[in-house]
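Residue numbers (numbering that gives the first Met the number 0), protein chains in the order written: chain U, 0 to 415; chain G, 0 to 415.
To be clear, the hints were calculated from the coordinates, so they are not data collected in a lab. Treat each hint with caution, since some may be false.
Copies of one chain are not kept apart here, so a pair can be met inside one copy or by any two copies together.
[Unchecked claim] Listed below are the simulated SDA-like cross-link pairs for lysine to any residue, each with C-alpha atoms no more than 25 Å apart in a straight line:
id	residue 1	residue 2
1	K180	A143
2	K180	N206
3	K180	A300
4	K180	A191
5	K180	T2
6	K180	G168
7	K180	P283
8	K180	S110
9	K180	R378
10	K180	P242
11	K180	A394
12	K180	G37
13	K180	Q18
14	K180	E207
Please read these numbers as outputs of a predicted model, since none were measured by experiment.
Take a look at the letters that make up each chain.
Number of protein chains: 2
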Amino acid sequence: MPTDHTHAPGLTSWVASAQAQGNDFPIQNLPLGIFSNGGAPRGGVAIGDQVLDVAAALAAGRLRGAAAQAAAGPSLAPLMALGRDAATELRHALSALLTGAPAPELLHAQSAVAMHLPCEVRNFSDFMASYDHCHRLGSARDPAHPLPPAFHHLPVAYHSRASSVRPSGTDVRRPWGQYVKDGATVFAPTNAMDFELELGIWIAEENEQGLPTPISAAARRLFGFCLLNDWSVRDVQRYEMPPLGPFLGKSLHTSISPWVVTADALAPFATARPAREAGAPPCPPHLETSADALRISMHAALQTPSMTTPHRITEAPFERMYWTPAQMVAHHTSNGCNLLPGDLLGSGTVSGPADGAEACIAEILLRGPITLPNGETRRYLEDGDTVIFSGQAHAPGAASVGFGECRGTILPAHAA
Amino acid sequence: MPTDHTHAPGLTSWVASAQAQGNDFPIQNLPLGIFSNGGAPRGGVAIGDQVLDVAAALAAGRLRGAAAQAAAGPSLAPLMALGRDAATELRHALSALLTGAPAPELLHAQSAVAMHLPCEVRNFSDFMASYDHCHRLGSARDPAHPLPPAFHHLPVAYHSRASSVRPSGTDVRRPWGQYVKDGATVFAPTNAMDFELELGIWIAEENEQGLPTPISAAARRLFGFCLLNDWSVRDVQRYEMPPLGPFLGKSLHTSISPWVVTADALAPFATARPAREAGAPPCPPHLETSADALRISMHAALQTPSMTTPHRITEAPFERMYWTPAQMVAHHTSNGCNLLPGDLLGSGTVSGPADGAEACIAEILLRGPITLPNGETRRYLEDGDTVIFSGQAHAPGAASVGFGECRGTILPAHAA
């Protein structure tokens, strides 16, 4: 992934907050999203604590062309359909606009707008690509066979539910479900509400059904990235999974951060995949690639109703993932399955090897309950608990870029 | 499900072919679909060997109202969103039109039109609701535990792939995939291409996320039905399934018959579910219902390139299904998952208990290879083979209604 002047660490914007220390949206980021402020939802770009209104910039003559037009409407799907070259063209135009003549009339405060899904989620496939996540949970279950049998040969995945994906900030209703309690099957509100800290991947363009996207072309299918909370209901999931996999344990709700951090914005953070462990089979040739892992620190924080600030409970390294987003695309299309613009992939829980890098509660509990600064403890999530994800890409010599937040609060189950 | 004069067995249409013996589309059926004949795709109704053009009937003043308008465009999703009452209103108007003053100018020969998907498939969930399918395959694997552990408590299901659903007649490309051959993992064209004979279920209306559709209201979410071939790649499926279920073994292609046989049209064929086997746990109260099984005979036929006519290899009774479509809806939404108009459910392979009622090749092979009338044999499907599904609902005193056909031909795999 080549980088260019839009990534220069010294670049500054006339939007002063873009230069604020620790800010997720410096001029090097330029993530795209769909916002509204009373009127119809439309395309915007996060810059500092502001949103640049793409339609207003077009109307003012500060943007032009097909890429900007495709990003101005109520959905980013048209831009995803145009593909990576269009996104690159738009990035350059946005960088020029936001480093050029000030135009504060094109801005809205992020605090004053509502964020929507970047597009209708067409299909959602969820992977299980972290060695540490699989190995930690698998070792607890069956120490002799901690990993799924195909783990070294392909990125294990399942089709998940597209209709229930919601933007950050949407509350999450505790679901009812069937599970085993005291030896009997019950239908009751879950007692095992969990989160899974994942990276979401938005797909660019469409491959014709029957025609795989080879690994050599797979990186060009990665439009952009977000944070993704694959809310998981462990008691229901355990009960229902054999043999067809997760269903109602996952389909209740999935939360995503609303800003799409483009593949271009993450180019400076590419790095080599971690080496395979000694004795592991090699990567199959049709999935072999290089230097397409991404250096992203991902975080989960928990805030209970009696806490005044969130407490970080997970810090996980995305660069440890065993399979990369490009490998996921190559695998997913290897049978000819057509991936569409507006499709969303989940990376799977991004856990690292260290204590504190467990990216879901099921893993944390292997060390014991969560202890919070105010003395409270948690096994699974309780009503009123809020989970907040954040993430920052970082690399030596590059300006860090972030994802904003992905948050959700657990509402009590409906009455019977 | 009440019936009315539109079901009367003696009812006849001015479309003479509607009265032809063994015809799937008598006046009592009135299935909806999207067709084109050179121009833009638009709504139509199958009657005998003809298609009634809904937009033309509106323009001619022979249909009117919101329901007909919703069925006239390039997708049936607007009518599915309006729901069952609108579909009933349209059924009555169509019955009146096609039994009233002849209007042959509103017809197109089915042989002269192309059929499309009835709407964009929003989400596709596939169930495994046949006791006989599960028990037959499970007994071969593990005679002591033939059924999935939750089988008696819920209709087992997984999220499947929406983007790769195609109308009958679209060829199916043999996929590449990873599987074990001679003890090693290979990536190669599959050697185990199978079909699964299923009923497809189109969903009406939308339930708000977090709000289940109770079993008492679930039947009203059933818009209509089609035949569905859940093409399955057994070697790939076996390899990839643990622990997250089927993925690339299913997502290559799913075929459906293009005509939507409405829930109203099937009302005369409702019957009681089969009794649970002795000693089985009772149906959970939140899924308990009655008389919503459907009497449908489903058939699969195979035609190889050297055969001149198809040969029936499967005859299966849908009324034997352990879980009904309404129970599937109640279960699917029981965690608050929102089902949308345009969502498609698959019933799972509709096998019966008898020899000859195995509704996929994996089951047939437990008795041995398929022997065809011309002396050919088949284990799994070979290139050029065509699979053709048909189905007819039947009941004493009712005019039988059918589904048309769902067919697909296997194309050779792409070169490496």
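Self-check item: Violating hint indices (sorted, rising)
Solution: 2, 3, 5, 6, 8, 11, 12, 13 and 14
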